[in-house]
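Read top to bottom, the protein sequences are chains H and P.
Note that my numbering has the first sequence beginning at 32, numbered continuously upward.
Note that my numbering has the second sequence beginning at 666, numbered continuously upward.
Possibly wrong hints are sitting among the right ones.
To be verified - So, partial list: chain H residues that the calculated Cβ filter (under 10 Å) puts toward chain P:
(1) R104
(2) R105
(3) G108
(4) P111
(5) D113
(6) Q121
(7) F123
(8) L132
(9) H143
(10) L145
(11) G149
(12) E156
(13) Q234
(14) N235
(15) F272
Hints were generated in silico from the structure; no laboratory data involved.
Heads up, the beta-carbon is just placed ideally off N, CA and C, and yes, glycines get one too.
Listed here are the chains, written in short residue letters.
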Amino acid sequence: MGFSMLTINNIEVVYDKVILVLKGVSLNVAKGTITTLLGANGAGKTTTLKAISGVLRTERGEVTKGSIQLGDRRIDGMRPFDVTYLGIAQVFEGRRVFEHLTTEENLIAGGHVLREKGTVREGIERVYAYFPRLKERRNQQSGYLSGGEQQMLAIGRALMSRPTVMLLDEPSLGLAPMLVEEIFGIVHKLVADEKLSVLLVEQNAAMALEVAEHGYVMENGRIVLEGSAASLRENSDIREFYLGLNEVGSRKSYRDVKHYKRRKRWLS
Amino acid sequence: MMIDELSFAFSLVVSGLSIGLMYSLIALGFVLVYKATDAINFAQGEFVMLAGFVAAGVAAVEGMPILAAIIAAVAVMVLFSFALERVVLRPLLGRPIVAVIMATIGLGAILRGLPPLTVGGQTQSLSLPIGDEPFVIGPAVLPPIQVVGVIVSLLFLGAFTWFFLKSRMGVAMRAVADNQQVAMAMGINVQRYFALAWAMAGIVSALGGVIWGSMLGVDTHLALVGLKVFPVVILGGLDSIVGAVIGGLIVGVVESIAAGYLDPFVGGGTKDFAPYVLMIVMLMFKPYGLFGQRRIERV
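Kindly produce the complete structure, drawing on both the sequences and the hints.
Laid out in structure tokens, this is it:
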């Protein structure tokens, strides 16, 4: 594993001062790679991302233990807009474009941290180069874009701040498989071209393990499994519970009633 | 006879339009705050009144140029709005919207009570050095203060429209209005933009206070101008600058025509009544107003 760009060290997150959501999570995102964080609904994946970007504080959440570092700079407890200035961009689950703004205005807002107007312009052109479809829709109100276009816009908007780390929350949510392929292809290209480090939260484990180098599996606020994407793909528990394959590798059939009797081998 | 009728109607419309634009200016303060911060400011009229008192107070000092009074009003209102946002409204962030509404209603009551306590209840005059030569457009005659009001309103409405549509800060402010959490993640200091919105509301209140104050005289009744803000913003849409302009024009014309034609029969008061009838009808048929944003539901 290369130089760790983003390091999370044993953090605990508490909501409303009482609800313990993350119970000691540690993970690394190596520079210029995609690291994926897998897990079921409510496992704490999105909370982990929000802890990193700092927006947790707007939801009465707080990192109470441990530390989060960007390079060797500690960022836990910082305000979200300061975190953005340091080079972390978050792409929210469900796209969350600024619906009443046009495509291009969304990008301008995304480039808020840039000082000069010229660099904003450059940034917009760069995003259009990656996502030509956004250029066609530049003056359209973004609330009326299709789901795939909105996801592209959300990623493009995050790119505008010229981040070193991108937190990508369920980019495949609600999109057709072909679009998912297209978007992951572009993310892969971004990592290669822009030396971006990506922390990818996904439910679509098959897709995530295909593009990622390293992966973590989360359950009930804890990391229960970690390894290279290749080794995770081969792990029999992952195959069973996240990829929906049986031991031979063929797709599982619901006729096979015994499947729910199998227990996961890790403790959660 | 016919000609007289027409010219009477024409002058009512012209006077209504000019008054309407001045309503727009005040409604703009309300719209800016609602758009950026989701807060409904029921004390907008009292802001205007406060600005009027500040301007009149400074202008009353011997040898003080009127420009100093205007600058003082703007400065005080900006500082006042900043302080209000910081002290009263920020702690209410994330609370139900009713909390903010009640806070501003209470604030309005306090502000209305202040002048009688401090400077007394009598009407103070505030006169701008613009002469008394009325401005004539065909059969319509406008007092000079209304002409000034129209010019100032158009100037600021234009400036704010440019700000929101073309400047990066304006786009950021609209982003804040759209989704605060995401805006924050884009590196936008949301609270700073809240303060900016309030400051802008302070500026338009100050200008409104000077203009309305010199037209009606400065006393606590000046706060009643704020009552016209609600029909204006409901008609135009709570979060639309264009809506504030159009809504203001409509309310101005409607009340002017209502007053011109109905007052002789009912003995007055239709001016304050007609805009609210219009508002209720609007709420029944188009609750977002003419230009208000509706929630986008994609299926």
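Hints, one by one, checked against the model:
1. R104: violated (16 Å)
2. R105: violated (19 Å)
3. G108: violated (15 Å)
4. P111: OK, holds: P111(H) within 10 Å of chain P, min 4 Å.
5. D113: Result: holds, 8 Å to nearest chain P Cβ.
6. Q121: Where the cut-off is 10 Å and the nearest Cβ of chain P is about 5 Å from Q121(H), the hint holds.
7. F123: Holds: closest Cβ of chain P sits about 6 Å from F123(H), inside 10 Å.
8. L132: holds (6 Å)
9. H143: Hint holds; H143(H) Cβ to chain P Cβ min 5 Å, cut 10 Å.
10. L145: holds (9 Å)
11. G149: violated (12 Å)
12. E156: This interface hint is violated because 16 Å lies over the 10 Å limit.
13. Q234: violated (21 Å)
14. N235: violated (22 Å)
15. F272: violated (31 Å)
Figure legend: structure checked against the earlier numbered hints; hints not met, in rising order: 1, 2, 3, 11, 12, 13, 14 and 15.
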